[in-house]
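*Asks:* Chains A and B, in that order, give the protein sequences. Under this note's numbering, read the first sequence as residues 124 to 566, first letter to last. Under this note's numbering, read the second sequence as residues 124 to 566, first letter to last.
Bear in mind the hints are in silico, worked out from the structure with no lab data behind them. Just so it is clear, the structure is predicted and the values come from calculations on it, not from any experiment. Worth double-checking, as some hints may not be accurate.
[To be verified] Straight-line C-alpha distance at most 27 Å; calculated DSS-like pairs for lysine-lysine: (1) A:Lys395 to B:Lys154; (2) A:Lys135 to B:Lys395; (3) A:Lys278 to B:Lys376; (4) B:Lys401 to A:Lys401; (5) A:Lys135 to B:Lys401; (6) A:Lys186 to A:Lys401; (7) B:Lys444 to A:Lys444.
[As the list claims (entries may be wrong)] Taking beta-carbon pairs under 10 Å as the criterion, some of the chain B residues facing chain A (in silico): (8) Glu156; (9) Leu334; (10) Ile335; (11) Asn404; (12) Leu416; (13) Leu420; (14) Gln421; (15) Ile432; (16) Leu433; (17) Asp436; (18) Gln452; (19) Glu502; (20) Arg506; (21) Val518; (22) Gly519; (23) Val551.
We put the CB at the ideal spot given by N, CA and C, even for glycine.
Here's the letter readout for the chains.
Protein chains: 2
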Amino acid sequence: MNIVLLSGGSGKRLWPLSNDSRSKQFIKIFKTEDGEYESMVQRVYRQICSVDSNAEVTIATSKSQVSAIHNQLGANVGISVEPCRRDTFPAIALAASYLHDKRGVAAEEVVVICPVDPYVEKDYFEALQKLGECAAVSEANLLLMGIEPTYPSAKYGYIIPKSKENISRVDVFKEKPTEEKAQEYIEKGALWNGGVFACRLGYVLRRAHELIEFTDYQDLFDKYETLTKISFDYAVVEHEQHIEVMRFAGMWKDIGTWNTLAEAMESSSIGKAILNDKCENVHVINELNVPVLCMGLQDVVVSASPEGILVSDKIQSSYIKPYVDEIHQQIMFAEKSWGSFQVIDVEEESMTIKVTLNAGHRMNYHSHEQRDEVWTVIEGRGRTIVDGVECQAAVGDVIRMPAGVPHTIIADTKLQVIEVQMGPDISVHDKKKYEFPNTTQQK
Amino acid sequence: MNIVLLSGGSGKRLWPLSNDSRSKQFIKIFKTEDGEYESMVQRVYRQICSVDSNAEVTIATSKSQVSAIHNQLGANVGISVEPCRRDTFPAIALAASYLHDKRGVAAEEVVVICPVDPYVEKDYFEALQKLGECAAVSEANLLLMGIEPTYPSAKYGYIIPKSKENISRVDVFKEKPTEEKAQEYIEKGALWNGGVFACRLGYVLRRAHELIEFTDYQDLFDKYETLTKISFDYAVVEHEQHIEVMRFAGMWKDIGTWNTLAEAMESSSIGKAILNDKCENVHVINELNVPVLCMGLQDVVVSASPEGILVSDKIQSSYIKPYVDEIHQQIMFAEKSWGSFQVIDVEEESMTIKVTLNAGHRMNYHSHEQRDEVWTVIEGRGRTIVDGVECQAAVGDVIRMPAGVPHTIIADTKLQVIEVQMGPDISVHDKKKYEFPNTTQQK
Chain A
124 MNIVLLSGGS GKRLWPLSND SRSKQFIKIF KTEDGEYESM VQRVYRQICS VDSNAEVTIA
184 TSKSQVSAIH NQLGANVGIS VEPCRRDTFP AIALAASYLH DKRGVAAEEV VVICPVDPYV
244 EKDYFEALQK LGECAAVSEA NLLLMGIEPT YPSAKYGYII PKSKENISRV DVFKEKPTEE
304 KAQEYIEKGA LWNGGVFACR LGYVLRRAHE LIEFTDYQDL FDKYETLTKI SFDYAVVEHE
364 QHIEVMRFAG MWKDIGTWNT LAEAMESSSI GKAILNDKCE NVHVINELNV PVLCMGLQDV
424 VVSASPEGIL VSDKIQSSYI KPYVDEIHQQ IMFAEKSWGS FQVIDVEEES MTIKVTLNAG
484 HRMNYHSHEQ RDEVWTVIEG RGRTIVDGVE CQAAVGDVIR MPAGVPHTII ADTKLQVIEV
544 QMGPDISVHD KKKYEFPNTT QQK
Chain B
124 MNIVLLSGGS GKRLWPLSND SRSKQFIKIF KTEDGEYESM VQRVYRQICS VDSNAEVTIA
184 TSKSQVSAIH NQLGANVGIS VEPCRRDTFP AIALAASYLH DKRGVAAEEV VVICPVDPYV
244 EKDYFEALQK LGECAAVSEA NLLLMGIEPT YPSAKYGYII PKSKENISRV DVFKEKPTEE
304 KAQEYIEKGA LWNGGVFACR LGYVLRRAHE LIEFTDYQDL FDKYETLTKI SFDYAVVEHE
364 QHIEVMRFAG MWKDIGTWNT LAEAMESSSI GKAILNDKCE NVHVINELNV PVLCMGLQDV
424 VVSASPEGIL VSDKIQSSYI KPYVDEIHQQ IMFAEKSWGS FQVIDVEEES MTIKVTLNAG
484 HRMNYHSHEQ RDEVWTVIEG RGRTIVDGVE CQAAVGDVIR MPAGVPHTII ADTKLQVIEV
544 QMGPDISVHD KKKYEFPNTT QQK
């Protein structure tokens with residue numbers, strides 16, 4: 124199975140766990156059988172591999188998510204990097220060109236395209252596989268998956284099939300309706316549109332060339348910023364006459380708000396939390412290493428991370444976005460391809476962060492104009508290069524990097540350093556990158 | 124006015140703001156006219172000085188609070204240090220001996236004794252001053268202040284006076300009653316017992332010598348641990364025949380729980396907080412430097428500090444103690460006589476703290492057996508002494524202290540350092556103190 128996972132933007136609706144640099148799909152909140160926690164992306168990837176160990180997975184996403192994907196899924200997964208956000212039609216067009224031109228996927232091969240963030244079980248991916256197999260033999264140009272509605276939701280688009288067969292021609296698409304309308308549609312056999320499509324790769328490429336003037340992947344990539352924002356539904360699906368829908372009746376949840384996320388949690392809390400016996404329907408996700416104590420609360424979600432603390436009535440939590448839009452503060456935690464960093468102290472003219480480098484990874488070779496830095500190694504082994512001179516680095520070693528001096532650190536094992544930054548104007552933009560150097564070994 | 128303020132123990136009922144090392148009276152939650160925040164202790168001390176600029180203030184407290192008192196009130200305030208906690212009668216006996224033997228207060232002089240933590244206005248201290256003046260001319264041995272009840276509370280003891288005069292002989296004392304009983308007492312003119320007494324110093328000393336065998340202050344101090352825990356009310360007040368009570372009708376609040384503390388707050392939040400318009404009767408005290416967002420909550424108090432996060436229904440918050448008793452974690456923030464420290468990162472074999480030294484203060488000269496330490500100066504100027512060698516220290520300087528090597532830092536201005544501790548067994552108990560050294564100056 125060739126599967127393209129569409130990985131959406133920086134969701135603020137799960138603040139403080141999601142933020143500009145960490146989308147909801149990377150938050151580790153789902154308990155696995157071995158008691159560890161995994162993210163939405165990890166869960167979906169694991170489920171796909173368990174259904175089809177030969178699956179070729181490509182993630183269509185923005186540049187800002189590449190680090191987190193490599194960090195959580197490793198290097199084997201394909202990534203179609205969008206230079207900027209342009210909605211699903213340009214994203215799918217780019218991913219299709221990437222598969223064809225960069226990964227050598229033939230135009231006759233079937234691709235299954237689906238969002239990266241449904242909360243589902245293995246049967247969903249078995250259905251996707253079947254959708255792909257049907258697309259390979261179908262006379263329709265496009266096969267959709269329609270989800271059997273469990274209630275008359277006003278949050279989803281509806282697909283009304285011509286028949287109640289398992290696979291049926293599509294009669295008509297309906298935008299997000301009122302709940303009354305939704306009830307009517309459901310009585311006519313309507314299905315939720317979960318944004319899942321299967322078709323031959325060539326079909327997507329033809330539609331892409333019809334609507335966008337481009338020669339190949341690189342050309343499309345280069346002009347990506349000039350493309351119009353438009354969804355695949357509007358641009359392609361709703362104009363296609365030869366289109367069919369396959370019913371799916373298994374578990375499917377859209378985890379977009381704290382309320383729905385809480386429903387998917389296996390226990391009432393993740394992280395250090397104490398709930399007294401007067402709490403009812405309370406969920407806590409605490410990423411800090413100090414406890415959250417809840418007493419006498421009803422229908423409340425509490426979430427604490429290095430970014431902030433949310434305490435919300437569950438229904439109210441859907442209205443979070445405008446409040447979070449007003450919070451302007453620096454990123455306190457971020458996952459990178461090489462590891463992660465966390466801001467642990469901020470003062471007027473200094474900032475202290477903890478940097479974690481995964482084994483075998485390294486920072487860019489870089490310098491800062493406006494600040495001096497000091498590293499103290501607190502875990503692991505590695506090497507530093509400062510001004511072209513390489514040194515071994517182990518626990519207890521201290522490395523000083525005055526402003527202007529290029530430096531990097533290379534992790535031979537998992538490596539942690541406390542980095543103290545000092546200067547009058549500390550900014551993430553104050554960074555000059557250099558080619559990785561030939562070094563003089565000092566010891 | 125000679126005034127003794129009784130400063131009680133480590134209140135857990137205002138966790139996470141109060142903890143084993145920080146009692147509620149040191150939390151800065153009261154907004155002053157210039158927009159700064161002050162603690163209960165600072166507020167009371169400021170109020171006393173504004174009523175009587177010559178007031179001699181002595182704080183009776185345990186060793187563990189001495190640093191915080193010096194830090195918040197400066198060095199001028201007298202402190203009667205209790206070697207351990209033994210309730211109010213031993214504490215008052217010790218404070219009386221301290222005043223007599225150490226501060227030269229004559230036996231004929233009047234002292235006013237009161238708790239450090241009532242939430243009151245200036246008129247309360249004007250009443251205390253009057254209480255002292257009356258005690259100086261009264262034939263009674265002991266004068267109490269009785270607070271006009273504002274509701275039939277079951278939380279306070281009651282004093283029933285013989286008459287409704289402003290100053291009256293006491294008829295009888297009543298323990299904390301039921302609300303029905305309280306109503307009856309109030310109808311008879313009963314007053315709340317706020318734990319405020321005025322008498323001649325000699326009176327307390329006589330009672331102390333009657334009940335405890337000791338020669339002088341030092342002797343009492345040395346045997347303090349052997350004393351029986353008993354309150355001044357039980358030991359003295361309730362046996363005294365020549366006793367009067369003075370009425371006080373001004374504002375008086377006992378801020379012992381989150382619920383009552385919230386009532387005393389001038390605004391709905393202190394620190395970074397956002398409350399949406401669906402919040403009703405919500406109070407937030409946030410000591411962290413990331414925001415707390417509250418949505419759709421009713422009658423809730425939220426408090427966040429480096430120690431943890433409380434989210435509680437206001438009424439439920441009175442039942443916090445047993446839950447906090449179960450939280451066993453290291454102190455994350457503490458005020459010391461020389462400044463303060465805050466734990467900013469904890470790993471398996473390292474801990475990182477931010478140390479703030481007030482100008483003119485210094486650490487003990489000390490070493491650790493089980494850990495190496497590194498200081499990076501992030502603010503201010505001072506000097507370090509490491510293994511007897513003194514060096515200047517300024518922003519950007521890095522000081523390494525291997526295990527076993529004695530070290531200290533002296534702040535010439537306010538000084539902040541990031542201290543990285545590294546070792547297999549990091550503990551507050553791993554500390555060896557030395558005499559302050561004669562140094563060799565390196566630069």
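*Asks:* Determine for every hint whether it applies to the structure shown.
*Replies:* Hint check results:
1. Of the pairs offered as hints, the one joining Lys395 of chain A and Lys154 of chain B is violated, with about 32 Å between alpha carbons and a cut-off of 27 Å exceeded.
2. For the given pair, Lys135 of chain A sits about 19 Å from Lys395 of chain B by alpha-carbon distance, which is consistent with the 27 Å threshold.
3. For a cut-off of 27 Å, the pair hint linking Lys278 of chain A to Lys376 of chain B is broken: about 51 Å separates their Cα positions.
4. Only pairs whose Cα atoms come within 27 Å are accepted, and Lys401 of chain B paired with Lys401 of chain A is accepted, the gap being roughly 22 Å.
5. For the proposed pair Lys135 of chain A and Lys401 of chain B, the alpha carbon gap of about 20 Å is at most 27 Å, so the pair holds.
6. As the CA atoms of Lys186 of chain A and Lys401 of chain A are separated by approximately 46 Å, the hinted pair breaks the 27 Å bound.
7. Taken as a hint, the Lys444 of chain B and Lys444 of chain A pair is broken in the structure, with Cα atoms around 36 Å apart against an allowance of 27 Å.
8. A least Cβ separation of about 26 Å between Glu156 of chain B and chain A goes past the 10 Å threshold, and the interface hint is therefore violated.
9. For Leu334 of chain B, the interface hint is violated, since its Cβ never comes within 10 Å of a Cβ in chain A; the closest pair sits about 41 Å apart.
10. Checking Ile335 of chain B against chain A by beta carbon gives a least distance of about 41 Å; that is not within 10 Å, so the hint is violated.
11. The beta carbon of Asn404 of chain B comes no nearer than 13 Å to any beta carbon in chain A, farther than 10 Å, and the hint placing it at the interface is violated.
12. A distance limit of 10 Å between C-beta atoms decides the matter here; for Leu416 of chain B the minimum to chain A is near 5 Å, and the interface restraint holds.
13. With a cut of 10 Å, the hint placing Leu420 of chain B at the interface with chain A holds, because the nearest CB-to-CB distance is about 6 Å.
14. A distance limit of 10 Å between C-beta atoms decides the matter here; for Gln421 of chain B the minimum to chain A is near 8 Å, and the interface restraint holds.
15. Below 10 Å, beta-carbon pairs count as interface contacts, and Ile432 of chain B has one with chain A at about 4 Å; its hint therefore holds.
16. Taking 10 Å as the C-beta contact cut-off toward chain A, the hint placing Leu433 of chain B at the interface holds, the least distance being around 5 Å.
17. Against a cut-off of 10 Å between C-beta atoms, the interface hint on Asp436 of chain B holds, since the closest Cβ of chain A lies about 3 Å away.
18. Hint on Gln452 of chain B holds. Least Cβ distance to chain A is approximately 7 Å, under the 10 Å limit.
19. The restraint placing Glu502 of chain B at the interface with chain A holds, with a minimum CB-CB distance near 6 Å, inside the 10 Å limit.
20. The interface hint given for Arg506 of chain B is violated, since its Cβ lies 19 Å from the closest Cβ of chain A, which is over the 10 Å cut-off.
21. The criterion of a C-beta within 10 Å of any C-beta in chain A is met by Val518 of chain B, whose closest approach is roughly 6 Å, and the hint holds.
22. Here the hint on Gly519 of chain B is kept, as its CB sits about 5 Å from the closest CB of chain A, short of 10 Å.
23. Interface restraint check for Val551 of chain B: the shortest CB-CB distance to chain A comes to about 17 Å, outside 10 Å, so the restraint is violated.
Violated hints, in rising order: 1, 3, 6, 7, 8, 9, 10, 11, 20, 23; the structure is consistent with all others.
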